[in-house]
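J.: Kindly generate the complete structure, drawing on both the sequences and the hints.
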Amino acid sequence: MNINLPNRLSLFRICLVPLIALIYLFPYAQFGIAVMELDFGFVTLRVTNIIVLILFAIASFTDFLDGFIARKYQLITSFGKFLDPIADKLLVNTMFVLFAASGAAAVVPVMVMIWRDTMVDGMRMNASEKGIVVAAGFMGKVKTVAQMITIIVILLNNLPFELWRFPMGELLLWFSMCVSVISGVSYFMQLKDVIMETM
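Residue 1 is where the sequence shown starts when you use my numbering, and the numbers rise one by one after that.
Since the hints were made in silico from the structure, they are not lab data. Some hints here could point you the wrong way.
[As the list claims (entries may be wrong)] Cβ-Cβ distance ranges computed for the label pairs, FRET-style:
1. ASP121 x VAL145: 12 to 22 Å
2. GLY137 x PRO27: 35 to 45 Å
3. ILE54 x MET125: 26 to 36 Å
4. ILE195 x PHE31: 32 to 42 Å
5. CYS178 x PHE31: 37 to 47 Å
6. ILE182 x GLY67: 41 to 51 Å
7. LYS130 x LEU75: 20 to 30 Å
8. PHE26 x LEU163: 27 to 37 Å
[As the list claims (entries may be wrong)] Dumping the calculated PhoX-like pairs for lysine-lysine here, alpha-carbon to alpha-carbon at most 25 Å:
9. LYS89 x LYS130
10. LYS130 x LYS72
11. LYS72 x LYS141
12. LYS141 x LYS81
13. LYS89 x LYS72
14. LYS192 x LYS81
15. LYS89 x LYS141
16. LYS130 x LYS81
17. LYS89 x LYS192
18. LYS141 x LYS192
Built from N, CA and C at the ideal position, the CB exists for glycine as well.
T.: Structure representation (structure tokens):
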């Protein structure tokens, strides 16, 4: 099977997800591996977080790049339409699950965002079966940007805001949850006639 460049980038993004999870969760101490830490005042930042941040940035850049290449060179395919959103959600939701598992993020907003994604995917799948395509709206784009910034701030242990004892990471997490819910409601309002027609 001949896979074009945008789809290869999406597959590459998916392959980065387990690598990110491994680096973030690996029990270094159990294997006698000392993880270097950097001190910024009273805030400590593990080098593994920086590595994960770099990999996350690379993965996020491929998200922009595959879409740009696909549109510019008319390489949009059905496989790409299927693969790209899956790659995006795997990357972002995995990061939030990792944060919740390690105690770096509250569980409730993470659960709500994952629930929202699951329900929206179900709505879009139902709509696509009837030939209706729903493009990402403004609030959906705000959600994506908010989640990306939240992930970066949490990986940096809330730096530089932690130096002033300002909980920016926590505020961004709850903001991302609120925007996620609002965009989910927006999808429902657009598709409610399709969803309700068989009740």
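J.: Report the numbers of all earlier hints that the structure fails to satisfy, in ascending order.
T.: Result: hints 4, 6, 10 break, sorted rising.
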